[in-house]
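Asks: Chains as they are written, first to last, in the numbering used here: chain A, 1 to 341; chain B, 342 to 425.
Worth flagging that the hints you see were computed from the coordinates, not collected in a lab. A couple of the hints might just be wrong.
Unchecked claim - Derived pair list, reagent style DSS-like, types lysine-lysine, alpha-carbon separation capped at 30 Å:
1. A:Lys225 <-> B:Lys362
2. A:Lys226 <-> A:Lys303
3. B:Lys348 <-> B:Lys362
4. A:Lys197 <-> A:Lys7
5. B:Lys362 <-> A:Lys117
6. A:Lys197 <-> A:Lys13
7. A:Lys117 <-> B:Lys355
8. A:Lys117 <-> B:Lys421
9. A:Lys87 <-> B:Lys378
10. A:Lys303 <-> A:Lys274
11. B:Lys348 <-> A:Lys87
12. A:Lys197 <-> B:Lys383
13. A:Lys129 <-> B:Lys419
14. B:Lys378 <-> B:Lys355
15. A:Lys117 <-> B:Lys353
16. A:Lys129 <-> B:Lys418
17. A:Lys99 <-> B:Lys378
18. A:Lys129 <-> B:Lys348
19. B:Lys419 <-> B:Lys355
20. B:Lys408 <-> A:Lys87
21. A:Lys310 <-> A:Lys129
22. A:Lys217 <-> A:Lys333
23. A:Lys226 <-> B:Lys362
24. A:Lys197 <-> B:Lys378
25. A:Lys117 <-> B:Lys348
These numbers come from a predicted model, not from an experiment.
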Amino acid sequence: MCHFCTKHGDGGKWFENAANFAARMYSNRKKKTEKEEKFVQHMGSEALKIDPDHPEKSRMYATPPIITEDIADNPWAQQKMFETRSKFPYQMDSNGDVKIPKGAVVDLDIMFTDLLKEVVDATGVEADKVPQLKRKVASFMGNYHFGQVITLEETLDMLELTYPIGMMQCICRRETRGQMAPGEANFCFSLGVGIYKWERWPETFRGLTFLSVKEAKEMITHYNKKGLVHSLWTFNVPYIGGICNCEYPVCQGIRGRLDYGVESIILKGEWCAKPIYENCTGCGNCVRYCQFGAMSMQLSRNKVAIDMKKCFGCGQCEKHCPNSAIEMVERRKTPGISDLW
Amino acid sequence: MSLMDVKIDHEKCKVPAACRKCLAICPQAVFKLHLGKVEKYKLAPDEEWHLEAWYWTRCSGCMECVKICPLDAIRVKKRKEAVA
Numbered sequence: 001m002c003h004f005c006t007k008h009g010d011g012g013k014w015f016e017n018a019a020n021f022a023a024r025m026y027s028n029r030k031k032k033t034e035k036e037e038k039f040v041q042h043m044g045s046e047a048l049k050i051d052p053d054h055p056e057k058s059r060m061y062a063t064p065p066i067i068t069e070d071i072a073d074n075p076w077a078q079q080k081m082f083e084t085r086s087k088f089p090y091q092m093d094s095n096g097d098v099k100i101p102k103g104a105v106v107d108l109d110i111m112f113t114d115l116l117k118e119v120v121d122a123t124g125v126e127a128d129k130v131p132q133l134k135r136k137v138a139s140f141m142g143n144y145h146f147g148q149v150i151t152l153e154e155t156l157d158m159l160e161l162t163y164p165i166g167m168m169q170c171i172c173r174r175e176t177r178g179q180m181a182p183g184e185a186n187f188c189f190s191l192g193v194g195i196y197k198w199e200r201w202p203e204t205f206r207g208l209t210f211l212s213v214k215e216a217k218e219m220i221t222h223y224n225k226k227g228l229v230h231s232l233w234t235f236n237v238p239y240i241g242g243i244c245n246c247e248y249p250v251c252q253g254i255r256g257r258l259d260y261g262v263e264s265i266i267l268k269g270e271w272c273a274k275p276i277y278e279n280c281t282g283c284g285n286c287v288r289y290c291q292f293g294a295m296s297m298q299l300s301r302n303k304v305a306i307d308m309k310k311c312f313g314c315g316q317c318e319k320h321c322p323n324s325a326i327e328m329v330e331r332r333k334t335p336g337i338s339d340l341w
Numbered sequence: 342m343s344l345m346d347v348k349i350d351h352e353k354c355k356v357p358a359a360c361r362k363c364l365a366i367c368p369q370a371v372f373k374l375h376l377g378k379v380e381k382y383k384l385a386p387d388e389e390w391h392l393e394a395w396y397w398t399r400c401s402g403c404m405e406c407v408k409i410c411p412l413d414a415i416r417v418k419k420r421k422e423a424v425a
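Assemble the whole structure, with the sequences as input and the hints as a guide.
Replies: Dropping the structure here:
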C-alpha cells in the first residue's frame with residue numbers, strides 16, 4: 001500500500017473510495033479545504049498569453065495578492081514564489097514540496113508539462129540539478145494530479161461508480177502526434193460533475209460526447225482489445241477526473257516516468273504479471289502489447305520473460321495470451337514488489 | 342550520452358498546427374505542440390499552437406523530420422560538447 005492509498009483510500013484502494021467521486025463529497029471537502037489551499041482551475045476567463053520567442057514579454061496573471069493576516073499562521077505564505085515557463089505561479093519549500101498559492105489561476109496539465117520540461121532540459125546537460133527538478137515534478141503531481149495504471153476489470157468497475165462519463169480527445173496524442181482533427185484520437189474519458197462547466201471552454205471540452213455506462217464499457221473493452229493501457233487520473237488530488245487509454249511514447253505521464261524517471265506521475269497498478277511457463281508456447285504475442293518494456297523472449301527456452309520489477313500491472317499481456325500463460329498477482333501480496341508503486 | 346540539438350526555424354514554419362508532419366513521423370515523439378493562448382468560448386485557432394522540440398534529449402538523430410519538412414525548417418545536429 002503506497003502513501004496515496006493510506007491518505008485517500010479510507011482503508012482500501014484509493015480509487016474505490018466513493019468520497020473521491022461523489023459530487024457532494026467533493027463540494028464538502030472543497031469547502032473544508034478552501035481556506036488553506038484554494039486555487040482555481042484555469043477556465044479561459046482571461047486570455048492566457050505566452051510568447052515563446054519573448055518570454056520576458058509574456059503576460060499572464062498578476063501575482064496573487066498576499067493577504068497579510070494569513071502570513072502569520074500559514075508558513076506557506078512566506079515561501080518564495082516561482083513561475084513555470086507558462087507563467088503559472090507556484091511555491092516551493094526547502095524540501096522541494098510544491099504548492100499552488102491561494103487564489104492562483106492555473107491549468108494543471110500545462111503546469112505539469114512545464115515542470116517536466118525543466119527536467120527534460122536539464123537531463124544530460126546539468127546532471128546535478130536533475131534530482132531536485134524531479135523531486136519538484138513528483139511533489140506537484142503527488143499533490144495535485146497523479147495517475148495510476150488500472151486493469152480492465154477495475155476500469156469497468158470505476159465506470160459504474162462515477163457519473164457523468166464523457167469521451168474526449170486525448171490531449172497527449174493531440175499535442176505530441178498532432179492528431180487534432182475533430183473525432184481523431186478520442187481516447188480519453190472524463191469523469192465527474194466538473195465537466196459540465198467546460199462547455200464554456202472548447203479548448204478543454206475537446207469535442208466531448210457524453211456516454212451511458214454501457215456505451216463507455218463497450219468503448220473501454222474495445223480499447224483494451226486494441227492494446228491500450230487504462231490509467232486513472234486525479235485532478236486536484238484525490239478527486240478523480242479521468243480515465244485515459246495510454247500508450248508509450250505519446251502518453252506524457254508514462255513518458256515522464258519511463259524516460260525521465262519521475263515516479264509518482266503515474267503509479268504502477270495493483271497487479272503484476274507473472275508467467276506460467278507450462279502454458280507458454282513462445283508465440284510472443286504478449287510482448288507486442290507491453291507498453292512499459294517489461295517483457296522479452298527467452299529465445300533459448302522459447303518462453304516469455306517478464307521483468308516483474310518493471311511491470312506496471314496493466315494486464316494487457318494476460319488479455320492477449322491465447323494460452324492463459326500469464327497470471328496477474330496482487331502487488332501488495334508479493335513481497336519483492338509490494339513497495340514498488 | 343550523446344545529445345542532438347533540434348532546431349526549428351519559426352520564421353519558416355509559421356503555422357505548424359496546419360502541417361504536423363514532423364509530429365507524425367518522429368519515432369521518438371520528440372516534437373510537441375503547445376498552446377500559446379487560451380480564450381473563453383473559443384477553440385484555439387491553428388496560429389496559437391507553438392511547435393517545439395520538447396523532448397529533444399530523446400532524439401536519435403534519424404533525420405526523418407528534416408527529410409519530411411516541406412518548409413525545410415528543421416535542423417538536427419549533434420551536440421559538440423561532451424556531457425555526462
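Asks: For each hint, tell me whether it holds in the structure or not.
Replies: Status of the hints after comparison with the structure:
As the CA atoms of Lys225 (chain A) and Lys362 (chain B) are separated by approximately 28 Å, the hinted pair is consistent with the 30 Å bound. Distance hint between Lys226 (chain A) and Lys303 (chain A) is fulfilled; the C-alpha atoms sit about 23 Å from each other, no more than 30 Å. The straight-line distance between the Cα atoms of Lys348 (chain B) and Lys362 (chain B) is roughly 16 Å, inside the 30 Å bound, and the hint therefore holds. At most 30 Å may separate the alpha-carbon atoms for a hinted pair to count; Lys197 (chain A) and Lys7 (chain A) meet this at roughly 28 Å.
For the suggested pair Lys362 (chain B) and Lys117 (chain A), the alpha carbons sit about 22 Å apart, so the restraint of at most 30 Å is met. Between Lys197 (chain A) and Lys13 (chain A), the direct Cα distance comes to roughly 29 Å. Compliance with the 30 Å bound is thereby established for this hinted pair. Of the supplied pair hints, the one linking Lys117 (chain A) and Lys355 (chain B) holds, its CA atoms being roughly 23 Å apart against a limit of 30 Å. A C-alpha spacing of about 22 Å is found between Lys117 (chain A) and Lys421 (chain B), which places the hinted pair at or below 30 Å, so the restraint holds.
Between Lys87 (chain A) and Lys378 (chain B) the alpha-carbon distance is near 12 Å, which keeps this suggested pair within the 30 Å criterion. Restraint check: the Cα-Cα separation between Lys303 (chain A) and Lys274 (chain A) comes to about 12 Å, which is no more than 30 Å; the hinted pair holds. Pair hint Lys348 (chain B) plus Lys87 (chain A) holds up; C-alpha atoms about 23 Å apart against a cutoff of 30 Å. Pair hint Lys197 (chain A) plus Lys383 (chain B) holds up; C-alpha atoms about 14 Å apart against a cutoff of 30 Å.
The suggested pairing of Lys129 (chain A) with Lys419 (chain B) holds, with an alpha-carbon distance near 23 Å, which does not exceed 30 Å. Annotation: proposed proximity of Lys378 (chain B) to Lys355 (chain B) holds, straight-line Cα distance about 15 Å (limit 30 Å). For a cut-off of 30 Å, the pair hint linking Lys117 (chain A) to Lys353 (chain B) stands: about 24 Å separates their Cα positions. Distance restraint check for Lys129 (chain A) and Lys418 (chain B): the Cα-Cα separation of roughly 24 Å lies within the 30 Å cut-off, and the hinted pair is therefore satisfied.
For a cut-off of 30 Å, the pair hint linking Lys99 (chain A) to Lys378 (chain B) stands: about 24 Å separates their Cα positions. At most 30 Å may separate the alpha-carbon atoms for a hinted pair to count; Lys129 (chain A) and Lys348 (chain B) meet this at roughly 24 Å. Using a Cα cut-off of 30 Å, the hinted pair Lys419 (chain B) and Lys355 (chain B) holds, with the two alpha carbons roughly 25 Å apart. Between Lys408 (chain B) and Lys87 (chain A) the alpha-carbon distance is near 35 Å, which puts this suggested pair outside the 30 Å criterion.
As the CA atoms of Lys310 (chain A) and Lys129 (chain A) are separated by approximately 26 Å, the hinted pair is consistent with the 30 Å bound. Only pairs whose Cα atoms come within 30 Å are accepted, and Lys217 (chain A) paired with Lys333 (chain A) is accepted, the gap being roughly 29 Å. The hinted pair formed by Lys226 (chain A) and Lys362 (chain B) meets the criterion: a straight-line CA distance of about 24 Å does not exceed 30 Å. Proposed proximity of Lys197 (chain A) and Lys378 (chain B) is supported: the alpha carbons are some 20 Å apart, at most 30 Å.
Proposed proximity of Lys117 (chain A) and Lys348 (chain B) is supported: the alpha carbons are some 16 Å apart, at most 30 Å.
When held up to the earlier numbered hints, the structure conflicts with hint 20 and nothing else.
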